[in-house]
Structure formats: C-alpha cells, structure tokens
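In case you want the letters, here they are:
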Amino acid sequence: MHSIRIDDPDCFQHSIANPIDVVVLRKHVLDRAREMGFDSAGSTKLATAVSELARNALEHGGGGEAACCPCTEPGRSGLRVVIEDEGPGIPDVLKAMSDGYTTGGGMGLGLPGAKRLVDDMKLISLPGRGTRVEIVKWTRM
Amino acid sequence: MANVPVLRSRGMLFVTLPEDIDDVVARRMLDDLLRDISRTRTNGVVIDISALDIVDSFLGRIVSEVANCASIMDVDTVVCGMRPSVAMTLVELGMEFPKVTFAMNMDHATDLLAGEVPDALDKDR
Chain A
0 MHSIRIDDPD CFQHSIANPI DVVVLRKHVL DRAREMGFDS AGSTKLATAV
50 SELARNALEH GGGGEAACCP CTEPGRSGLR VVIEDEGPGI PDVLKAMSDG
100 YTTGGGMGLG LPGAKRLVDD MKLISLPGRG TRVEIVKWTR M
Chain B
0 MANVPVLRSR GMLFVTLPED IDDVVARRML DDLLRDISRT RTNGVVIDIS
50 ALDIVDSFLG RIVSEVANCA SIMDVDTVVC GMRPSVAMTL VELGMEFPKV
100 TFAMNMDHAT DLLAGEVPDA LDKDR
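Protein sequences, first through last, are from chains A and B. If you use numbering that gives the first Met the number 0, the first sequence corresponds to residues 0 to 140, in order. If you use numbering that gives the first Met the number 0, the second sequence corresponds to residues 0 to 124, in order.
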C-alpha cells in the first residue's frame with residue numbers, strides 16, 4: 000500500500016518499525032504543531048492522535064510509514080499526518096471505529112479516540128494490503 | 000531506553016515518567032512497581048507525570064493498571080503533575096481511571112497518601 004511519496008521539503012517522513020519510532024514521530028508532530036502556532040491543547044491532541052495511529056500501524060500492521068506535512072486552505076492552516084502500513088487491514092472498519100471494540104489488549108479507544116482529537120480523519124483499509132489513515136488538524140485563529 | 004527508576008521513601012514508592020517513555024519501558028515500569036509493592040510494605044505509590052506532553056491510551060492504561068493492581072494489594076496510587084492539555088486530551092479520548100487519585104504536585108500527593116488531607120482517598124475503595 001505504500002503510497003507516501005512526498006517531495007515537499009516541508010514534510011517530515013519517518014518509518015515506524017519499533018516503539019521508539021512512535022515516540023520520535025509524536026514528538027516531532029508536537030514540536031511542529033507548536034511552531035505553527037497551535038495552542039497547547041491543540042498540539043497535544045494532534046500528537047496524541049498520531050501516537051495512537053502509529054502504535055496501530057506497529058502492532059496491527061507490522062510497522063509502516065508516516066509523513067507529517069503543513070497544509071493550507073483559504074483562511075486557515077494546519078498539519079496533515081498520513082500513516083500507512085502493509086498489514087492485514089481492518090476487516091470491519093465501522094466496528095473498529097466504535098468505542099470499546101478491541102482486538103488487542105487495549106481498551107478500544109485508539110481509532111475512535113484519535114478521530115475525536117482531530118478535525119478530520121480518513122481511513123482506507125484493504126484486506127490483505129494494508130491500512131492508510133490521514134488526519135488533519137487546523138490551528139485555531 | 001533505560002528503565003524508569005523506582006524510588007522508595009517513607010514507605011512510599013515514587014516514579015517519574017520520562018518525557019520520551021516508550022511502550023516497552025512503560026510495561027516494564029508496571030512490572031517493577033508491582034514487584035516492589037509485593038516485596039515490601041508499601042503505603043502508597045506516586046506516579047509523577049509532570050514531564051509528559053503526551054499521555055495516549057496505552058500509557059493511560061498502564062497507569063490505570065498500576066492503580067488497579069496496587070488497589071488489590073491494598074495500596075493507593077496517586078498521579079501528580081498532569082498538564083491541563085493532557086487532561087483535556089484524556090477526557091476526549093474517553094479514558095477513565097477508577098482507582099487513581101490525582102494530585103497537583105508531589106507535596107499534595109504525599110499529603111494525600113499520609114492521610115494529611117482527610118477523606119481525599121475515600122473513593123469507595
């Protein structure tokens with residue numbers, strides 16, 4: 000599924016291969032969000048969502064790739080983070096998006112929790128090919 | 000990454016979670032704390048999270064598990080130093096911490112465990 004091909008020098012790309020990569024990625028997103036003028040709650044929420052999704056890619060997808068890029072729309076700017084893996088995919092996306100549903104040892108707050116923390120989340124999962132999640136959060140102005 | 004040191008003072012156990020704590024280290028900290036509780040008489044556990052910008056559902060669950068297990072061993076757990084942005088994020092994530100008492104800082108945490116703030120730990124336990 001690996002489709003992350005970004006030439007934009009403003010993008011930060013990082014592979015997710017072990018638990019330390021999750022820490023590096025979320026720390027980068029947090030610092031970047033602060034630089035861009037996100038408030039304290041906004042940057043923490045975005046970085047926490049990234050942490051949830053990166054862990055999913057690691058635990059369920061066998062590792063993956065992430066990219067964090069600035070994005071703009073008329074009147075607002077924000078950060079877009081894409082995380083994808085080539086794992087088995089999510090058989091039932093609707094179910095995975097509901098609170099309390101878990102296949103691992105967690106509390107099932109990962110995906111639905113991450114969605115609540117950001118302004119937009121798109122999830123594509125192809126059985127046997129992988130999962131791609133894209134999240135966007137805008138700075139408050 | 001190195002283990003999180005578990006300090007003991009006046010019968011209480013103290014851990015300060017490092018900013019860059021990963022899942023493996025967090026899980027090991029859970030094991031270390033529970034082992035220490037089971038080995039010696041412990042009056043309480045204080046988990047200082049003041050260095051953390053991010054507490055996600057995994058780390059939240061580890062903290063909750065420390066408190067649940069400690070509670071079964073008749074030991075109270077106090078978490079101190081949570082940043083407002085972390086609190087807002089945990090609420091939005093939907094995390095609950097039934098066996099955790101929260102304190103502003105280390106002083107407040109040890110006062111609670113020493114019983115110097117009456118009734119504060121009486122949460123139907």
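Don't read these hints as lab results, they were simulated from the structure. We put the CB at the ideal spot given by N, CA and C, even for glycine. A hint or two may mislead.
To be verified - Here are some chain B residues the structure puts well away from chain A; computed CB gaps all over 10 Å:
(1) 1
(2) 10
(3) 13
(4) 23
(5) 31
(6) 56
(7) 73
(8) 82
(9) 107
Said to hold, decoys possible - For lysine-lysine, the following DSSO-like pairs were computed, each having C-alpha atoms within a straight-line distance of at most 30 Å:
(10) B:98 to A:94
(11) A:94 to A:121
(12) A:26 to A:121
(13) B:98 to A:121
(14) A:114 to A:94
(15) A:114 to A:26
_Taking the earlier hints as the rules, which of them does this structure contradict?_
Violated: hints 4, 6, 8, 13.
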